[in-house]
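Peer 1: Keeping their order, the protein sequence lines are chains D and V. Numbering-wise, our numbering puts 172 at position 172 of the first sequence, and it's gapless, one number per residue. Numbering-wise, our numbering puts 1203 at position 203 of the second sequence, and it's gapless, one number per residue.
It should be emphasised that the hints constitute simulated quantities derived from the structure, not laboratory data. Check each hint, because a few of them may be wrong.
The calculated BS3-like cross-link candidates involving lysine-lysine, where the alpha carbons are at most 25 Å apart (straight line), are [unchecked claim]:
hint	chain 1	residue 1	chain 2	residue 2
1	D	Lys259	D	Lys242
2	V	Lys1177	D	Lys259
3	D	Lys249	V	Lys1279
4	V	Lys1177	D	Lys106
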Amino acid sequence: MSLRIVVCVKYVPDATGDRHFADDLTVDRDDVDGLLSELDEYAVEQALQIADEADDAEITVLTVGPEDAKDALRKALSMGADKAVHVEDDDLHGTDVMGTSLVLAKAIEKTGYDLVIAGMASTDGTMGVLPAILAERLGVPQVTLLSEVKVEDGVVKGRRDGDTASEQLEASLPAVVSVTDQSGEARYPSFKGIMAAKKKPVQSLDLEDLEIDADEVGLEGAWTAVDSATERPARTAGTIVKDEGEGGKQLAGFLASQKFI
Amino acid sequence: MAEVLVYVDHADGAVRKPTLELLTLARRIGEPVAVALGPGAEATAPALAEHGAVKVLTADAPEFADYLVVPKVDALQAAYEAVSPAAVLVPSSAEGKEIAARLAVRIGSGIITDAVDIEAGDEGPVATQAAFAASYTTKSRVSKGTPVITVKPNSAAVEAAPAAGAVEALAVSFSEKATGTKVVARTPRESTGRPELTEAAIVVSGGRGVNGAENFHIIEALADSLGAAVGASRAAVDAGWYPHSNQVGQTGKSVSPQLYIASGISGAIQHRAGMQTSKTIVAINKDAEAPIFDLVDYGVVGDLFEVVPQLTAEVQSRKG
């Protein structure tokens, strides 16, 4: 019996670029290059490792986003995923996490799955709630924020390192997993992988295919509204001193003047 | 006045500071009703009452510790149905965000995470957030359902505001899903005796310039002289010099202390994403061109192995 793994990935604006908001207060995607969210690379990596351990497994990468988001799918395919699903629809512009999770859940159900894997958060919105919401929507266990993950005999096991304790978790499949950047270095696509990715199937779906009404998604349908986005004023230049033997004492003087000592 | 549910983060009855901060924000938009779950839930009442909770709903059951997240969502939902609040506020811990998000789905509401401020608005609470590594400040509202908002530590002052804090038992019936993810073992993190990183008023961080695990004691000594938490950059964590649980940055923890001291950290965007909302920023780095100096209120261009111990000694002597 084949293990069906769906990896949710996001195409995000490059954090090293100059990211900003568009006039409608959605993320401006035109000015900054996009790429596969770094934290999702760890999810792809864990999917590949789990698939390697399984007798028979198939990995589908799934994303919701504009045409360019195919780049994120291609990257995951070149790492070794088998096929891709791209949900694209003009009505999706401005969709928030509630709408996105609805679209993902429907697409996951349509694709068929035993295991859903996601990164711990996106590197643009950084909310970190999508995996838990997916588990809620799909009605399956959440095994989230794992720094180690394994699947054996229909059971997913993992370690969750929290602020106060480290927990060993276990749940039966089907389940939703999210992994942290501690789960293991993501592999680089090989030349062979990049060439092979060009031939791998990418299925396109729109809202109609998923039986989702346009008013449930998009900017109008969003569950949250951004009223304003203000660029933070550049910090006024601070005092910079060169240490000539008294740097530590001078700094102590500053800290005392600010009442930290 | 409308009631506002506040989810209580506590350890065996000891209420964590971010929850007390949340009560300050909750009082701006209504009357706080606290929800405390698990062992020691009732013991939280005096601290919550002192900071403005008119009521404390408590529940304890083995499910809260034995299974992940969902039992707590069931309980918070029970509280939501009992109270019909105007908003639900939850501390922005990893678990807090997951609990809040699942509740939001169940009650058909939008969610805002990592707010750094909340004010009352004409159309409900308005949350301030930092976006894109804190290069933007946004103001947002939940536009569908009852606002569910998670709030970052250090977003408000803890204020005493004595209220009744009447304890009431919360009746919870666990859903079938509650037992889906078993916690088969739990190892408490060894206490360092230092404040928790995300909650600390002062954070002292070390990076690549610390040049080895064996040198981190220099950073720790400064932290201890200031009563601070210790952070580390991704470079230091990836090199194995300091535990991942102390990583500050985009893929680690986001901190917003009163004072952030970066030592031997260049200030790559990855790191800045996790600390740029700190109120006062100080850096010590050999490289005068390091991007961290663009952010600082005070910077010292110099060798951290000279500057940091001198600073530590000076802090100690000034404290007498």
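Peer 1: Now look at each hint and say whether the structure bears it out.
Peer 2: Tested hints:
1. For the hint pairing Lys259 of chain D with Lys242 of chain D, the CA-to-CA distance comes to about 23 Å; that is within 25 Å, so the pair holds.
2. The hinted pair formed by Lys1177 of chain V and Lys259 of chain D fails the criterion: a straight-line CA distance of about 51 Å is larger than 25 Å.
3. Taken as a hint, the Lys249 of chain D and Lys1279 of chain V pair is honoured in the structure, with Cα atoms around 22 Å apart against an allowance of 25 Å.
4. The suggested pairing of Lys1177 of chain V with Lys106 of chain D holds, with an alpha-carbon distance near 20 Å, which does not exceed 25 Å.
Comparing the model with each earlier hint shows a violation of hint 2 alone; every other hint is respected.
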